[in-house]
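Trainee: Sequence:
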Amino acid sequence: MTPSPPVIAIRDLYKSYGDLEVLKGVSISANAGQVVSLIGSSGSGKSTLLRCANLLEDSQSGDVVFSGEPVAWRGSGHARRPADHAQMIRIRTNLSMVFQQFNLWAHMTILENVMEAPITVQKRNRAEVETAARAYLDKVGIADKCDSYPAMLSGGQQQRAAIARALCMEPHALLFDEPTSALDPELEQEVVKVIKDLATEGRTMLLVTHNMRLAADVSDHTVFLHEGKIAEEGPPERLFQAPETARLKTFLAATL
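By the count of this note's numbering, the sequence shown reaches residue 256 at its end, each step adding exactly one.
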């Protein structure tokens, strides 16, 4: 039996802003049900890599492959862009992203926030979407906040609403970009619990995080980025307990 291709595969990716090279030939993949965490110092390229995976950023060379389907490109270098708009929307729709700053619409209730994209982007039935949205808000522990507006919620509650919004798209994978870094420690734990529960369910996830305990607890594979390159990668128990490179040892000493 032929194994299924990775849900997300990035191969030899290069990304720069003008003369500043941010990613220098990075390759990572996440199989179905696998949690891959990206760790490293600020400026190492973690969030940029996530945005390139979701086609929110254009890379200059390398491949982005979704469930065996490579992204089609036109142009080269800084002029390179996705060649097939319909393909880009379809791939982006199947890779739901949870941002650091929640990105909820202030003029909509929490329920409306969660329902908006499935209805407008996926053209799904409103009644079906509402049922799913309420179920996901219950899953993340804020079912009682359906009719509240974002400004009425704590940061932890807003981030849990953002996770429910991502789940309501029924994506093939979830991309988390520093989902707890805007929260104080007490509220951070609310979100950490939700992410751990999703990992236990077997959700495919790419997780950029500064929280080393979270990365150690939920990851199947951990990637340490340094100056736009993979400096070390492997099972979290080895990376966190027996790092091989001096750079990772220094990084962990400063963060653990």
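Watch out, some of these pointers could steer you wrong.
Said to hold, decoys possible - Restraint ranges, calculated between C-beta atoms of paired labels, are given here:
#1 Pro70 - Gln122: 43 to 51 Å
#2 Leu20 - Gly202: 18 to 26 Å
#3 Ser148 - Thr120: 16 to 24 Å
#4 Gly68 - Glu170: 15 to 23 Å
#5 Thr120 - Tyr17: 25 to 33 Å
#6 Tyr149 - Gly77: 39 to 47 Å
#7 Ser42 - Glu237: 36 to 44 Å
Derived from the structure by calculation, the hints contain no laboratory data. For every residue, glycine included, the Cβ atom is placed at its ideal position computed from N, Cα and C.
Trainee: Going back to the hint list, which numbers does this structure go against?
Mentor: The structure breaks hints 1, 2 and 7; every other hint is satisfied.
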